[in-house]
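Visitor: Given chain Y, work out where chain D should sit, using these hints.
Going down the list, the sequences are from chains Y and D.
Using the numbering used here, the first residue of the first sequence is number 1, and each one after it goes up by one.
Using the numbering used here, the first residue of the second sequence is number 1001, and each one after it goes up by one.
These are computed hints drawn from the structure, not numbers from a lab.
Hints are supplied without guarantee of correctness; some may be wrong.
So the derived label-pair ranges between C-beta atoms look like this [said to hold, decoys possible]: (1) Ala-13/Y with Thr-1009/D: 21 to 31 Å; (2) Asp-14/Y with Met-1070/D: 26 to 36 Å; (3) Ala-1083/D with Glu-69/Y: 32 to 42 Å; (4) Val-17/Y with Thr-1146/D: 40 to 50 Å; (5) Ser-97/Y with Ala-1243/D: 47 to 57 Å; (6) Gln-1069/D with Glu-86/Y: 40 to 50 Å; (7) Asp-1292/D with Glu-47/Y: 48 to 58 Å; (8) Glu-47/Y with Ala-1204/D: 37 to 47 Å.
Not everything, but these chain D residues come out facing chain Y in the computed CB check (under 10 Å) [what the hints assert, rightly or not]: (9) Asp-1018; (10) Ser-1020; (11) Pro-1021; (12) Gln-1023; (13) Phe-1026; (14) Ala-1030; (15) Lys-1116; (16) Ala-1118; (17) Pro-1119; (18) Asp-1126; (19) Ala-1129.
Which chain Y residues stay away from chain D? Per the calculated CB distances, all over 12 Å, these [stated by the list, open to error]: (20) Pro-32; (21) Arg-35; (22) Pro-41; (23) Thr-42; (24) Gly-43; (25) Ala-56; (26) Ile-70; (27) Arg-89; (28) Ala-96.
Even glycine gets a Cβ: it sits at the ideal position worked out from N, Cα and C.
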Amino acid sequence: MAVHPARARSLPADVLVSLRLAFGAERDERLPALRAALQDPTGPTGEARRAAHSLASSAVVVGEPRLAEIARDVEERLDADLPWHEQGRHLADVLASWAP
Amino acid sequence: MGPVSLPRTAPLAVVLVDDSPVQRRFARAALEAEHDFEVVGEARNGKEAVALVTRLRPAAVLMDLDLPQMSGIEAIEAIMASAPTPILVFSAFVDGDDHANAVACLAAGAVDVLPKPAPHSFTSLDEHAEQLRRRMRVTARARVITHPRGKLRSRGLAGPAVAPVREVAVPAEVRARQGVALLVLGASTGGPQALLTVLKALPADLEQAVLVVQHMAEGFVPGLAAWLDELVPLPVVVGQDGARLRPGTVTLAPSGSNLLVHDARLRVRCAPPEEGQFHVPGIDATLRSVADALGPDAVGVLLTGMGRDGALGLRAMRDRGAATLGQDEATSAVYGMPAAALDAGGVEVQLPVEAIGPALLALVGREVRP
Chain Y
1 MAVHPARARS
11 LPADVLVSLR
21 LAFGAERDER
31 LPALRAALQD
41 PTGPTGEARR
51 AAHSLASSAV
61 VVGEPRLAEI
71 ARDVEERLDA
81 DLPWHEQGRH
91 LADVLASWAP
Chain D
1001 MGPVSLPRTA
1011 PLAVVLVDDS
1021 PVQRRFARAA
1031 LEAEHDFEVV
1041 GEARNGKEAV
1051 ALVTRLRPAA
1061 VLMDLDLPQM
1071 SGIEAIEAIM
1081 ASAPTPILVF
1091 SAFVDGDDHA
1101 NAVACLAAGA
1111 VDVLPKPAPH
1121 SFTSLDEHAE
1131 QLRRRMRVTA
1141 RARVITHPRG
1151 KLRSRGLAGP
1161 AVAPVREVAV
1171 PAEVRARQGV
1181 ALLVLGASTG
1191 GPQALLTVLK
1201 ALPADLEQAV
1211 LVVQHMAEGF
1221 VPGLAAWLDE
1231 LVPLPVVVGQ
1241 DGARLRPGTV
1251 TLAPSGSNLL
1261 VHDARLRVRC
1271 APPEEGQFHV
1281 PGIDATLRSV
1291 ADALGPDAVG
1301 VLLTGMGRDG
1311 ALGLRAMRDR
1321 GAATLGQDEA
1331 TSAVYGMPAA
1341 ALDAGGVEVQ
1351 LPVEAIGPAL
1361 LALVGREVRP
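With the rest of the complex left out, here is chain Y (with noise of 0.2 Å):
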């Protein structure tokens, strides 16, 4: 299970690991609000937004910037009412390829 010492140098190491598994939970918990969003282009957002910000600010915790990045943009797209489905599918496929 990768850890990412160099983030947290002070928290225990079973912090870390219960960081990340909280994070697969979360990610579980968030990706269908996403995906249901992105298969209705004319619906609501309000979940996918949500999602999108709680994840990327997850994400810093457990030492993933890259896709802490991702879900900003989306996150930002979507408040700004810009076109987000690419930047959308792209955080969905990353989130669904993330291992603890």
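Guide: Here is chain D on its own, set in the frame of chain Y:
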């Protein structure tokens, strides 16, 4: 100010409110790492938060803003209306609406706001954890009072954002001074609410410039300016290097540097922080510059906050003949800076926060005594 630590007593009870299990896990690990806090409950949305805080009555609450079912702001209002508890808002650092929301939380009664770790932040998780502990130690010591806004909103009443300023008596020793060109205020924890109370008392045709130094996380000052601008009679702007402070305008020191008054024409410049300076923007640096540039032609005010920033600067102003005021203990969220200023001989008159605005008007010859 060095690290803030509490005496070795039982850990303080904290409730965490965040819909992200990752954030709750991180916050729990960070707060419990040095055994001065114990997380006694976790809520995933605003409604759970209100119920949990009302039932458990913790020493402090760590609150996210972006929550399902009931937003963080609504939860803060409800908690402060029914079970007032020191609240530290823990918010993701983004541009736009979140800054204004963070300031709105302070208006609703939260004690402080701390940004969550952001992508490409140069701050490590260790440092974020330490910041969280440090800010929670300050927050847990804050004195909080009931904020009625939540009760008014629950009854469908369009209550004011802040209770109207009451008429208060200004002590006789506060007398009009000639030639006052600048009013300068410094504040930290609990500052936004105190600033709002003071600034609401100043009329739109005030002839003096107003300068405010508020300790605030990087990036939140524009949101504070926008919030105050909507609620007080004077326009509120963020200061810029090389500009002149304008009469009848409130200028907030921007984050990231010290805002210094350059000369008697009220030109300002942004200077890098001094070595070892803990808070940026710093209040001492600004007040010292005002003392040098204006001498007796200014009034200095030190409001609520932790630590000692502003104490020596206010003393410098008083030594140069300026009138100086300090917020009293009863109305300070944290009676640190005003106490330090009083101890240092920097405070000429100590007043409750609601009397400071009227006192400023008396000092510039605008007050009408009954």
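Visitor: Compare the structure with each hint and give your call.
Guide: Hint-by-hint comparison with the structure:
For the hinted restraint 21 to 31 Å between Ala-13/Y and Thr-1009/D, the CB-CB distance of approximately 30 Å keeps it satisfied. Look at Asp-14/Y against Met-1070/D: about 33 Å separates their beta carbons, and that is inside 26 to 36 Å. The hinted window of 32 to 42 Å between Ala-1083/D and Glu-69/Y holds, with their beta carbons roughly 39 Å apart. The supplied range of 40 to 50 Å is met by Val-17/Y and Thr-1146/D, whose beta-carbon atoms lie about 43 Å from each other.
Here the CB-CB span from Ser-97/Y to Ala-1243/D is close to 51 Å, well matched to the stated 47 to 57 Å. In this structure the hint that Gln-1069/D and Glu-86/Y lie 40 to 50 Å apart at CB is violated, the actual value being about 31 Å. Between Asp-1292/D and Glu-47/Y the beta carbon distance is about 56 Å. The supplied range of 48 to 58 Å therefore holds. For the pair Glu-47/Y and Ala-1204/D, the beta carbons lie near 44 Å from each other, so the given range of 37 to 47 Å is met.
For the restraint placing Asp-1018/D at the interface with chain Y, the shortest Cβ-Cβ distance is roughly 9 Å, inside the 10 Å limit, so the hint holds. Using the Cβ-Cβ criterion of 10 Å, the hint placing Ser-1020/D at the interface with chain Y is satisfied: the shortest such distance is roughly 5 Å. Residue-level restraint check for Pro-1021/D holds (minimum Cβ-Cβ distance to chain Y is 4 Å; threshold 10 Å). Interface restraint check: Gln-1023/D against chain Y, minimum CB-CB distance 6 Å, threshold 10 Å, status holds.
Because the smallest distance between the Cβ of Phe-1026/D and any Cβ of chain Y comes to about 5 Å, under 10 Å, the interface hint for this residue holds. Hint status for Ala-1030/D relative to chain Y: holds, with the closest Cβ pair at about 8 Å, below 10 Å. For Lys-1116/D, the shortest C-beta to C-beta distance to chain Y is roughly 5 Å, which falls under 10 Å, so the interface hint holds. Here the hint on Ala-1118/D is kept, as its CB sits about 6 Å from the closest CB of chain Y, short of 10 Å.
The restraint placing Pro-1119/D at the interface with chain Y holds, with a minimum CB-CB distance near 4 Å, inside the 10 Å limit. The beta carbon of Asp-1126/D comes within 5 Å of a beta carbon in chain Y, closer than 10 Å, and the hint placing it at the interface holds. The interface hint given for Ala-1129/D holds, since its Cβ lies 7 Å from the closest Cβ of chain Y, which is under the 10 Å cut-off. Distance check for Pro-32/Y against chain D: the nearest CB is about 15 Å away, which clears 12 Å, and the non-interface claim stands.
Listed as outside the interface, Arg-35/Y is consistent with that label: its C-beta sits roughly 19 Å from the nearest C-beta of chain D, beyond the 12 Å cut-off. Every beta carbon of chain D lies more than 12 Å from that of Pro-41/Y, the smallest distance being close to 24 Å; the non-interface claim holds. The non-interface label for Thr-42/Y is consistent with chain D: the shortest C-beta to C-beta separation is roughly 23 Å, beyond 12 Å. No Cβ of chain D approaches the Cβ of Gly-43/Y within 12 Å, the least distance being about 18 Å, so the stated non-interface status holds.
With a closest Cβ-Cβ approach of about 7 Å to chain D, Ala-56/Y is found to fall inside the 12 Å limit, against its non-interface label. Non-interface call for Ile-70/Y relative to chain D: violated, since the shortest CB-CB distance, roughly 10 Å, does not exceed 12 Å. At the 12 Å boundary, the C-beta of Arg-89/Y stays outside the reach of chain D, the nearest C-beta of that chain being 20 Å off. No Cβ of chain D comes within 12 Å of the Cβ of Ala-96/Y; the nearest lies about 18 Å off, and the non-interface call holds.
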